[in-house]
Every structure is written in C-alpha cells, then in structure tokens.
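Colleague: Top to bottom, those sequences are chains A and B.
Residues 1 to 301 (our numbering) are what the first sequence spells out, left to right.
Residues 1 to 301 (our numbering) are what the second sequence spells out, left to right.
Calculated from the structure, these hints are not laboratory results.
Among the clues, some could well be false.
Simulated crosslink set (DSBU-like; lysine-lysine; CA at most 30 Å straight-line) [unchecked claim]:
{"id": "1", "chain 1": "B", "residue 1": "Lys52", "chain 2": "A", "residue 2": "Lys52"}
{"id": "2", "chain 1": "A", "residue 1": "Lys265", "chain 2": "A", "residue 2": "Lys52"}
{"id": "3", "chain 1": "A", "residue 1": "Lys52", "chain 2": "A", "residue 2": "Lys11"}
{"id": "4", "chain 1": "A", "residue 1": "Lys52", "chain 2": "A", "residue 2": "Lys285"}
{"id": "5", "chain 1": "A", "residue 1": "Lys153", "chain 2": "B", "residue 2": "Lys265"}
{"id": "6", "chain 1": "B", "residue 1": "Lys11", "chain 2": "A", "residue 2": "Lys153"}
{"id": "7", "chain 1": "B", "residue 1": "Lys285", "chain 2": "B", "residue 2": "Lys52"}
{"id": "8", "chain 1": "B", "residue 1": "Lys52", "chain 2": "B", "residue 2": "Lys265"}
{"id": "9", "chain 1": "B", "residue 1": "Lys11", "chain 2": "B", "residue 2": "Lys285"}
Part of the chain A face toward chain B, derived, beta carbon under 10 Å [stated by the list, open to error]:
{"id": "10", "residue": "Gly51"}
{"id": "11", "residue": "Ser95"}
{"id": "12", "residue": "Ala120"}
{"id": "13", "residue": "Glu130"}
{"id": "14", "residue": "Gly163"}
Think of the CB as a built atom: it goes at the ideal place given N, C-alpha and C, for glycine as much as any other residue.
Next come the chains, spelled out residue by residue.
Protein chains: 2
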Amino acid sequence: MSPNNHSSALKESLSHACSDIEQTIDSLLPMVPGDDAILLEAMRYAALGGGKRLRGFLAVEVASLFGASRQSALRVAASVEFLHAYSLVHDDLPSMDDDDLRRGRPSTHRQFNEAIAILAGDALQTSAFEVLLDPETHSDPLIRANLALALAKASGSAGMVGGQVIDIQGEGRALPLNEVRRLHAMKTGALIRYSAEAGAILAGVTDERRDAIISYGNNLGTAFQVADDVLDSTASAEELGKTAGKDEANGKSTYVSLLGIDGAKAEARRLSEQARDALSSFNEKANTLRALADYVVERRN
Amino acid sequence: MSPNNHSSALKESLSHACSDIEQTIDSLLPMVPGDDAILLEAMRYAALGGGKRLRGFLAVEVASLFGASRQSALRVAASVEFLHAYSLVHDDLPSMDDDDLRRGRPSTHRQFNEAIAILAGDALQTSAFEVLLDPETHSDPLIRANLALALAKASGSAGMVGGQVIDIQGEGRALPLNEVRRLHAMKTGALIRYSAEAGAILAGVTDERRDAIISYGNNLGTAFQVADDVLDSTASAEELGKTAGKDEANGKSTYVSLLGIDGAKAEARRLSEQARDALSSFNEKANTLRALADYVVERRN
C-alpha cells in the first residue's frame, strides 16, 4: 500500500472506532433521576465531549491485531477514555492549569462548578476500574484483574498523577531534558502505553508480543507529546480547541524550549520511526498502527 | 462475657488492628526522591493522620471471623483506608466543605496546597485499587477482581461520590427523611458496608454468610452516621478533632434536625440492635463485631 492508502485506511478505522467508543461510553453512563443526576450529567459532559480518542483507538486496534473480541476492546477503550477524561477535568481546575476551554467548549468546572467537576473526575476514575472489572469485559478474572492493575500502575503516583506533580513543581524553573522526558513518560506516556498494552492483555498474547506492543506504545506516547509541544507553540486556539501558548505562559520547560521547533520536530519523527520499528515482527495487519505513528506527528490539532 | 469484657476485648482488638493497619499503610506508601516526592508526602499525610480505622478494622475482623489470612486482610484494610482518606481530602477542599481542620491537624490542602491535595486524593483512590489487585493480596484472581469491583461499586457514582453530590445539592433546603437515609446509605454507608463485605469476599464464604455480613455492615454504617449527626450537634471541636456544628451551619438536613436529639439517639440504638441481630447465626467468634455495634453509637468522637 502507498502511504496515502495507509492514511485513508487509518482515517476510516479511526472514525469507525470513534463512533463505536462514543456509543459504548454513552451506554456505560446512563442518566438517573434524582439529586445526583447532575453528577452523571457532568461525567457525560466530560467523557462524551469529542476528542481524538487516540487512547481508546489504540486499545481497539491492538486488540483487533491480536484477534480479541471487539465488544471487549470497546469496553477497555471506554475505560481508558474515562481515565483520560478524569485527568483533563482535574487538570483544568483553577488550582491546577486554570483552563476555561477544553475541546472548544467550556471546561467541566466552568460548565458546572468546581465541586461537581472534582466529583465527576473522581467518579470517572472509579468507573474506569468498574468497567474493566465487570465480567462483561472478559470471562477470565485474571485478564480483568491484570487489565485493572496495569491501569492503576499507569495512572497513579508512579504514572500519570506523579507526572502531573512533577509538571506543577517544575513551573517557572528550567528543567533539564532528561527530567522533561521523565515527566512526559509519566504524565502522558504511561496512559498511551497502557492503551496499547491493554489490547495485548485482553488478547492474552505471549510476553514477546506484549513487549513489542509496549515499546510501540512508549515511543508513540512520547512522539505524541513532543508533537503536542510543537503544536502548542505554533497552532492557534481555534485549531487546538484549547488555549494555545499555555506552556510558555506558565514558564514550563518543553521539548520546544529545550530543542527548538526544528529540533523538536526531528525528535518527534525519530520517535515515530522507533514506534514503527517496534512493529517490525508483525505482518500487514499492523499497518493501521504504523500509519498511526505517522499521524500523531503530522496532525494539526 | 459481660458487656464490659466485650468492650475491653474490643478496645484491645481495635488498638492492635490500628497499629497493624498503620504499619501496612506505611509500607505501601514508600517515599521516593525527586520532584514528585511531595505527592507521596501528601498521600502519607492524609492516609497516616490517625483516625479511628473503623473501616479497616471491620475488614480485618470479618476476615478473622471467617479465618482468612491476616496479612491479606491488612492489605484490604489499607485499601479501604486509602479510599476513605481520598474522600476526606476532597471533601475538605475549599469548593466542597472548605474545612481547615481534620483529625486535629490542618486538612491536606491547608498543609500543602489545593493542587497537591486534589492529586494526592486522586492517587490514593488509584492506590486503593492497585493494592487490592496486586497478587500479594490473594493468589486467586477472581477474589482480587471481586474485591476491586465491589469497591468500585461502593465508592463511585452509585455509592460514596453519588451520596456526596446529593449532600451538596441538598444544602440550604429541607430534605425529607427518606432522602437523608438514601444520602447517607450512599455517602458513608456504602464504604462501611463494603469494608465488612470485603472480609467475607477475601474468605470466599457462602452467599448466606456474605449476606448476613452485608446486613450487619449496612446497619452498622447507618448507626454510625446517625451517631455522627448526634455528635456533630452536641460535641466540641476539641472532642471531634474537626469543626463541630458544621451541618447546621451549612443548612444541611440531618437525622438530628429531622428526629430531634432524643429521636436520633433512639434511631442509632435501634440500628445498632439490628446490626447485632444480623449476626445471630454466628458463634462467640463474632463477639467483637457485636461489641463494635455498641461502640459506634456510644463513642464520644
């Protein structure tokens, strides 16, 4: 296939998965009447508010590569998107990044209020675990327990939340490149790597295949973050659907501040190549994942 | 045994379990050097800051009643206490109850800052799941997955967090008794019931025995909350280690505002009796749990 065919096949898979993931999320967060209805409303607002669904798509694509059930994969994808949505809701809070805009709409605490946003984030995290651990996700309890344990490791103090703390503590002072790498490997990379890994856990593949997918996920996650830094410093808020130039305004060290725009772009391409290399033992079934490695560094938002 | 012997045996078990639970928590939250050290510091501050350990003790006592391993039970107890600590850290935030004092010390956001308190709460929730799902908690993945799934159900939008939202939404207006009951069954009751249930899940007991323990946990949890309302309106801040008279000041409907002090005390005793009744099929090994049902309505803080 030519690169262009890869790219149009990717777009089709991505759009198909996006719509299936939205439907799965919708069915997992049914509205209930009562004084607590506002909680589900806020959870739905945060989890169904668009977004690229990169994480959910990764889980679905890796599961499909290994022949796991699509229905199971969609539940795993919804769970990862719940976790991601919770992190965005809390990151946007006034005491954190204080961001009024997310995906082109008011952030959750602006649309509701701070207390509801904090609690909606809390409950989205809980739902992520609840969905994975439900027997509907997989009949084998070891697979359910492993999916949920790996999510906890990727998102807790040694993963996403730990990275967010390093990010906050680093504001206003220059961090060296290795510390920026560690920050992003934890803050963004861990959950992207998990999304790929989860598809492999679901399919119960060999350690060798799982390791190859983890390496792909690691490189893809870092490539994504480097590309994000480039976009943050070059794209407009309209293109991004969120506040632009935020990192510079907050005095944060980024790949762009450390490597320059051209250096950061070259780094993103190098990581994207490494992600492709990690897939060398797979046949053409992995072409969508290969195309995704190009997409994350070429995207405009 | 006379009631007095029950009570001194209870105190001994409680103090022994408290010290073992603190030690388990301490070992599960090791400090790490680096920019994220403050996260672990805040998690430890919130999780090791004293407290009655009622939830952890319940898990340990029910596990012991059914002969489950104490080491496993202590991990389950630590997990429940992580979950409870996360809920207190977030409840105390300025946009929620705005409380400066907790267990006689500055609340976590006063000791650190708001961002760190939110993230420490987030990571404590994650750790609760991580600890349960670790193979060290139990060799059977079905038991691990069931422990974690039941925790998710008890603490998410249909449990603790949902109850907290009903509580917030009800501020400043009169709630009827049945709505106050529902609120507390979710906000406080669900996690107390889970703590008892978790001991039974860990031991893999019959459905009949598990149901008896759930009924005990339900009645105990409600008795605890009614007694809490009585204490909030009669005890001093010094006795409570937290702000007193808070509910009345926030215009919240409580068992005391709905039933009067004497009515609320009678309700607490009735619930405590029902908790004891749920244990009627158990032998004298359940005497500590029976004494605990008296303790929760007789305590002074």
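Colleague: For each hint, tell me whether it holds in the structure or not.
Modeller: Right, here's what the structure says about each hint:
no., hint, result
1, B:Lys52 / A:Lys52, "violated (45 Å)"
2, A:Lys265 / A:Lys52, "holds (21 Å)"
3, A:Lys52 / A:Lys11, "holds (11 Å)"
4, A:Lys52 / A:Lys285, "holds (22 Å)"
5, A:Lys153 / B:Lys265, "violated (45 Å)"
6, B:Lys11 / A:Lys153, "violated (37 Å)"
7, B:Lys285 / B:Lys52, "holds (22 Å)"
8, B:Lys52 / B:Lys265, "holds (21 Å)"
9, B:Lys11 / B:Lys285, "holds (16 Å)"
10, Gly51, "violated (20 Å)"
11, Ser95, "holds (4 Å)"
12, Ala120, "holds (9 Å)"
13, Glu130, "holds (4 Å)"
14, Gly163, "holds (8 Å)"
Hint compliance for this structure: hints 1, 5, 6 and 10 are broken, all remaining hints hold.
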